[in-house]
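Construct all of the structure, not just a fragment, from the sequences and the given hints.
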Amino acid sequence: MTSTSSKQSRVSFASLTENNLGTVRKLNSVLFPIKYSEKFYQDILAPEVEDFCKLVYYNDIPVGTISCRFENKDDQKVLYLMTMGILAPYRSRGLGSKALEQVLTAAASHKSKVDKVYLHVQVSNDDAKRFYEVNGFVQSSVHEGYYKKITPADAWVLEKQVN
Amino acid sequence: MSKALANKKVLPSREAGLFKELLNLYEGRQLKKGLKTADTILKKFPEHGETICMKGLVLVHMGRREEGIDLVKKGVRLDLTSHIVWHVFGLIQKGEKNYEEALKSYSQALRFDKNINILRDAASLQTQLRSYESLVETRHTLLRLRPNLRQHWVGLSVAHYLNGNLKEAKVVLEKYLATLKNVPSHDVEQSETLLYYIHVLEELGEYTEALSLLDSHSRNRDIVDKTAISETRARLLTKLSSPEASEAWHTLLERNSDCHTYYLGYLASHGHPIPPSTPSHPDPDALALISSLTTEFPRARASKRLGLVLSEGDEFKSRAEEYIKGSLVKGIPSLFSDLKSLYTDNAKCTAIEEIVERLQVEFKDASSSPKGSEEPTTYLWTLYLLAQHHSALGRHSKALELLEEALAHTPTLPELHIFKGRVLKRAGDYWGAAACVNEARVLDGQDRFLNTKTGKYLLRAGCVKEAGDVFGLFTKKDAASPGVDLEDMQSMLYLLEEARAHETNGQPNLALKKYMAVKRIYNEIEDDQYDFHGYCLRKFNIMTYLRMLKWEDTVRSQAPYVTAAVNGANILVASYDDPEIVKSLAVAHEQLSSTSKKAAKKAKKKAAVAAAAAAKMGGLDGKTPQQHSNEDKGLEPPTAKDEDPEGLKALTGEGTPVLEQAWKLLQPLLEVGLEENVEVWLAVYDVAIRRGRYLQAVGALEKAKKAGGEEHPEVHVRVVDLKQRAATLSDLKEPVKSVLEEAIKKLYPVEVSPETFNSQYLQKHSQDPKAVIAAARASKILNAPVEEVDGTVFSLLNTDINLSVKVRSPSPPLFHLYFRSDVAMCTMYRTPWSP
Chain A
1 MTSTSSKQSR
11 VSFASLTENN
21 LGTVRKLNSV
31 LFPIKYSEKF
41 YQDILAPEVE
51 DFCKLVYYND
61 IPVGTISCRF
71 ENKDDQKVLY
81 LMTMGILAPY
91 RSRGLGSKAL
101 EQVLTAAASH
111 KSKVDKVYLH
121 VQVSNDDAKR
131 FYEVNGFVQS
141 SVHEGYYKKI
151 TPADAWVLEK
161 QVN
Chain B
1 MSKALANKKV
11 LPSREAGLFK
21 ELLNLYEGRQ
31 LKKGLKTADT
41 ILKKFPEHGE
51 TICMKGLVLV
61 HMGRREEGID
71 LVKKGVRLDL
81 TSHIVWHVFG
91 LIQKGEKNYE
101 EALKSYSQAL
111 RFDKNINILR
121 DAASLQTQLR
131 SYESLVETRH
141 TLLRLRPNLR
151 QHWVGLSVAH
161 YLNGNLKEAK
171 VVLEKYLATL
181 KNVPSHDVEQ
191 SETLLYYIHV
201 LEELGEYTEA
211 LSLLDSHSRN
221 RDIVDKTAIS
231 ETRARLLTKL
241 SSPEASEAWH
251 TLLERNSDCH
261 TYYLGYLASH
271 GHPIPPSTPS
281 HPDPDALALI
291 SSLTTEFPRA
301 RASKRLGLVL
311 SEGDEFKSRA
321 EEYIKGSLVK
331 GIPSLFSDLK
341 SLYTDNAKCT
351 AIEEIVERLQ
361 VEFKDASSSP
371 KGSEEPTTYL
381 WTLYLLAQHH
391 SALGRHSKAL
401 ELLEEALAHT
411 PTLPELHIFK
421 GRVLKRAGDY
431 WGAAACVNEA
441 RVLDGQDRFL
451 NTKTGKYLLR
461 AGCVKEAGDV
471 FGLFTKKDAA
481 SPGVDLEDMQ
491 SMLYLLEEAR
501 AHETNGQPNL
511 ALKKYMAVKR
521 IYNEIEDDQY
531 DFHGYCLRKF
541 NIMTYLRMLK
551 WEDTVRSQAP
561 YVTAAVNGAN
571 ILVASYDDPE
581 IVKSLAVAHE
591 QLSSTSKKAA
601 KKAKKKAAVA
611 AAAAAKMGGL
621 DGKTPQQHSN
631 EDKGLEPPTA
641 KDEDPEGLKA
651 LTGEGTPVLE
661 QAWKLLQPLL
671 EVGLEENVEV
681 WLAVYDVAIR
691 RGRYLQAVGA
701 LEKAKKAGGE
711 EHPEVHVRVV
721 DLKQRAATLS
731 DLKEPVKSVL
741 EEAIKKLYPV
751 EVSPETFNSQ
761 YLQKHSQDPK
771 AVIAAARASK
781 ILNAPVEEVD
791 GTVFSLLNTD
801 INLSVKVRSP
811 SPPLFHLYFR
821 SDVAMCTMYR
831 TPWSP
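Line by line, the protein sequences are chains A and B. For what it's worth, UniProt numbering labels the leading residue of the first sequence as 1, then goes sequentially. For what it's worth, UniProt numbering labels the leading residue of the second sequence as 1, then goes sequentially.
Quick caveat, the hints were computed from the structure, so don't treat them as lab data. Check before you lean on any hint, since a few could be wrong.
[To be verified] For each label pair, taking beta carbons as the anchor points, the in silico distance ranges come out as:
hint, chain 1, residue 1, chain 2, residue 2, range
1, A, Glu133, B, Lys364, 49 to 57 Å
2, A, Asp60, B, Lys476, 46 to 54 Å
3, B, Lys398, A, Ala88, 51 to 59 Å
4, A, Pro47, B, Lys226, 44 to 52 Å
[Said to hold, decoys possible] Under the rule of at most 35 Å between Cα atoms (straight-line distance), these lysine-lysine pairs were calculated in the DSBU-like manner:
hint, chain 1, residue 1, chain 2, residue 2
5, B, Lys181, B, Lys104
6, B, Lys723, B, Lys706
7, B, Lys476, B, Lys641
8, B, Lys340, A, Lys26
9, B, Lys330, A, Lys98
10, A, Lys39, B, Lys465
11, B, Lys476, A, Lys39
12, A, Lys26, B, Lys325
13, A, Lys26, B, Lys398
14, A, Lys98, B, Lys114
15, B, Lys371, A, Lys35
16, B, Lys746, B, Lys770
17, B, Lys664, B, Lys605
18, A, Lys35, B, Lys398
19, A, Lys149, A, Lys73
20, B, Lys364, A, Lys129
21, B, Lys32, B, Lys73
22, B, Lys425, A, Lys26
23, B, Lys519, B, Lys664
24, A, Lys35, B, Lys465
25, A, Lys98, B, Lys371
26, A, Lys77, A, Lys111
27, B, Lys550, B, Lys633
28, B, Lys330, B, Lys398
29, B, Lys737, B, Lys641
30, A, Lys26, B, Lys706
31, B, Lys9, B, Lys20
32, B, Lys465, A, Lys26
33, B, Lys649, B, Lys539
34, B, Lys371, B, Lys340
35, B, Lys36, B, Lys20
36, A, Lys129, B, Lys371
[To be verified] According to the in silico footprint, chain B covers these stretches of chain A (three or more CB under 8 Å from chain B):
hint, segment
37, 52–60
38, 70–78
Even for Gly, the Cβ is constructed at its ideal location relative to N, Cα and C.
Right under this line is the structure:
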């Protein structure tokens with residue numbers, strides 16, 4: 001964190017509950033061009049994903065969110081990063097990296113072994129791709145026609161092995 | 001015959017023993033056994049009054065109230081010279097909260113026996129009723145009977161104190177302390193007594209004596225409350241203008257450097273008394289003292305805030321900038337309410353605006369990139385502060401503009417949504433306001449503050465049912481309704497807001513129910529002090545007790561009670577003036593209930609079946625449950641079933657005439673220091689003039705005039721009303737007649753007709769919407785033609801009228817006001833069919 005003496009920045013995370021879901025909805029509605037389903041919101045409340053779905057607080061104000069789900073792929077247990085976003089005025093302050101680090105640490109120490117973490121990035125979104133690459137992700141493929149309602153419809157698939 | 005009489009009263013030894021046992025059984029609340037014992041005595045002596053009373057008392061405790069009370073009354077009649085029967089009767093009356101009658105019974109009992117228990121109860125009743133002269137007498141008797149009890153000495157002193165006789169209070173304490181020997185140190189009771197003694201001396205102005213007493217006893221560790229010692233010491237030294245005073249205050253500041261009072265004390269001891277709650281009191285010397293304290297206690301905010309009061313001009317500007325900037329960086333949400341009291345000083349208000357606007361520009365750049373010197377949250381709080389600033393000055397659009405920017409910046413801060421709602425509310429858009437506040441609520445469903453705000457704003461928009469649903473998320477699940485639980489929890493906010501909503505929705509009957517509920521809560525608050533009259537003296541919590549009594553004396557001057565009483569009285573007066581209101585409400589209710597009658601019938605049937613089943617399960621046949629007969633139901637009557645759930649009976653005056661109800665609401669307001677409150681005296685006038693209490697009415701109107709000024713619109717309406725009514729009064733007796741005429745002359749000094757008087761008033765205040773409405777109402781009182789009254793009301797549509805003050809619309813056509821651009825945001829005049 002860059003922090004000068006006059007600045008005070010406190011970063012913290014909170015688990016999702018029925019009660020703060022409204023904040024997650026509010027954040028998603030301004031961060032992403034997609035409207036998420038009710039099922040999405042029910043799933044991120046499940047106790048087994050508690051360590052992987054968080055609200056990000058900056059100086060006690062919720063400014064971002066991260067959410068994942070477990071998938072089973074070719075006998076591997078993988079973590080799929082569904083959403084991650086920080087409100088524009090709070091970007092480039094290390095919040096995204098901290099959130100990602102939180103999730104990766106949780107994945108590494110998870111009781112059932114997690115093999116890798118993967119995610120989709122819209123092919124127009126170079127900034128996002130660079131962010132994940134800096135954090136150790138590599139592009140594995142391109143998923144053509146991944147997005148149904150937004151263009152460009154293709155998405156990069158990025159992944160990172162969990163040791 | 002005398003033998004027969006004696007037989008009735010004096011029991012033979014076997015029965016006398018049984019009676020003693022009965023008393024013991026009652027004390028131990030062994031009700032079932034007690035009843036049996038009483039019956040055994042009564043088998044032989046069916047006319048024994050004391051036993052009959054005791055049996056009645058036991059029955060009341062067992063829940064067989066009516067039967068019990070009948071017996072008690074019978075017992076009293078049979079034995080009028082027994083202290084026991086009167087004591088029992090007094091207990092029953094006390095249970096009914098009928099303190100006056102209970103005291104009478106206790107006094108009867110005391111005529112026949114100076115029983116210590118009866119004396120104590122009587123003392124409690126006398127304190128409750130504030131008959132302090134007789135309290136002194138009772139305490140005196142108690143002390144004479146048992147001078148070895150410490151609490152009797154203190155009790156007598158407190159009685160003198162309450163009776164306003166400080167000298168006697170002191171004398172009793174002196175004598176009491178002289179009798180004490182070998183009091184261990186660290187004795188809390190002794191400590192409290194000494195603090196009370198010192199307080200008495202301080203009130204008598206004997207500061208030196210008080211101080212030496214304080215010093216010697218704190219050295220001996222007789223006084224254990226360390227904070228009280230230091231505070232009293234500092235206060236006394238200041239009153240004595242002692243050079244040690246400032247040192248004493250400084251000691252206190254070392255303990256708590258954020259206590260505003262300590263700073264004021266410190267300054268006063270240096271010869272700089274600061275009037276409380278003033279926005280500006282420039283004093284360079286005091287400022288220098290405060291500055292050095294700020295250096296000494298850098299973490300304290302109180303001294304920095306005080307610096308804003310003591311400075312002006314450029315000094316103020318630089319101090320305010322530092323203060324505001326620090327708070328914004330720290331992210332203190334309540335910063336604006338902290339600063340608001342400075343706004344009564346225009347120069348300071350302008351200076352704050354300049355500062356915050358400059359900071360907004362500065363922070364906007366400094367926070368936009370991660371390399372900047374400020375945090376994004378600092379900029380966010382700046383926008384929030386500036387929006388609050390503009391809104392407070394009535395600049396609603398400017399405030400909304402800033403809030404939109406803030407919400408685009410960070411849409412997840414609940415404060416922003418709440419405040420946007422508040423701005424819309426101030427601009428008159430109640431529905432929009434409720435929607436905004438609800439946005440904040442869904443951000444954090446756990447936050448009861450956000451929940452309550454949403455409920456309140458929904459009520460402001462008249463949505464009673466929706467508000468109930470929102471409140472219901474936090475109220476007890478097994479309560480009959482959210483409203484019932486909130487009433488149990490004594491939520492004044494809920495009761496007053498829902499009452500207001502019912503009034504807006506044209507249901508004054510339901511509104512009155514809520515106002516009456518507020519009144520009931522205040523009755524409870526007053527009743528609640530009863531037990532402390534005995535308890536506090538027994539436990540020697542004297543100072544707290546005295547403060548509580550003082551608080552209870554003026555508890556009815558609190559805003560919730562005043563609002564409930566005034567608005568409730570207004571509703572009652574309106575229905576007195578126009579009985580059609582109640583009739584149409586009753587008709588509407590009838591129609592509504594006939595449609596839902598079928599459903600109600602069904603529900604009733606179901607309830608009856610359920611009750612029958614429950615009765616069967618309990619194996620009862622309609623008689624009093626014998627199994628539970630030892631359960632103590634207490635002496636207080638159970639809450640009666642609400643016979644008037646719609647409040648229509650209250651409004652028609654069934655039971656108690658409406659004006660009597662209104663008067664009962666207002667009466668407690670007369671002597672609790674509300675001289676400045678126009679609304680109170682207007683309501684008193686309205687009720688008094690209709691009850692034919694003319695002198696009381698003019699007295700109230702004079703007070704209203706004094707509080708609000710003679711040009712006050714509502715005062716104007718009453719003056720016209722009084723003049724109009726006076727013309728029809730002919731059969732008044734002297735001296736009322738001449739006193740009334742004299743008073744009217746003072747209130748209405750001009751020689752013109754009421755009509756001219758009214759039109760002169762209208763001309764003078766044609767720009768003031770409230771005055772225009774008042775003139776219209778006055779001309780209605782004067783029986784002017786409808787067209788003329790309407791004409792006056794519609795003149796409100798003229799654009800030269802300043803509508804920055806919102807008017808509650810007395811007539812539906814006013815919704816046309818929304819065509820005026822300066823009230824464009826206001827939705828309160830719109831009807832469902834207007835665009």
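Cross-check of the supplied hints:
no.	hint	verdict
1	A:Glu133 with B:Lys364: 49 to 57 Å	violated (32 Å)
2	A:Asp60 with B:Lys476: 46 to 54 Å	violated (31 Å)
3	B:Lys398 with A:Ala88: 51 to 59 Å	violated (24 Å)
4	A:Pro47 with B:Lys226: 44 to 52 Å	holds (50 Å)
5	B:Lys181 with B:Lys104	violated (39 Å)
6	B:Lys723 with B:Lys706	holds (18 Å)
7	B:Lys476 with B:Lys641	holds (21 Å)
8	B:Lys340 with A:Lys26	holds (31 Å)
9	B:Lys330 with A:Lys98	holds (23 Å)
10	A:Lys39 with B:Lys465	holds (30 Å)
11	B:Lys476 with A:Lys39	holds (30 Å)
12	A:Lys26 with B:Lys325	holds (29 Å)
13	A:Lys26 with B:Lys398	holds (25 Å)
14	A:Lys98 with B:Lys114	violated (80 Å)
15	B:Lys371 with A:Lys35	holds (33 Å)
16	B:Lys746 with B:Lys770	holds (24 Å)
17	B:Lys664 with B:Lys605	violated (39 Å)
18	A:Lys35 with B:Lys398	holds (32 Å)
19	A:Lys149 with A:Lys73	holds (26 Å)
20	B:Lys364 with A:Lys129	holds (29 Å)
21	B:Lys32 with B:Lys73	holds (21 Å)
22	B:Lys425 with A:Lys26	holds (23 Å)
23	B:Lys519 with B:Lys664	holds (10 Å)
24	A:Lys35 with B:Lys465	holds (31 Å)
25	A:Lys98 with B:Lys371	holds (18 Å)
26	A:Lys77 with A:Lys111	holds (12 Å)
27	B:Lys550 with B:Lys633	holds (32 Å)
28	B:Lys330 with B:Lys398	holds (25 Å)
29	B:Lys737 with B:Lys641	violated (46 Å)
30	A:Lys26 with B:Lys706	violated (54 Å)
31	B:Lys9 with B:Lys20	holds (14 Å)
32	B:Lys465 with A:Lys26	holds (26 Å)
33	B:Lys649 with B:Lys539	violated (46 Å)
34	B:Lys371 with B:Lys340	holds (34 Å)
35	B:Lys36 with B:Lys20	holds (14 Å)
36	A:Lys129 with B:Lys371	holds (23 Å)
37	52–60	holds (count 3)
38	70–78	violated (count 0)
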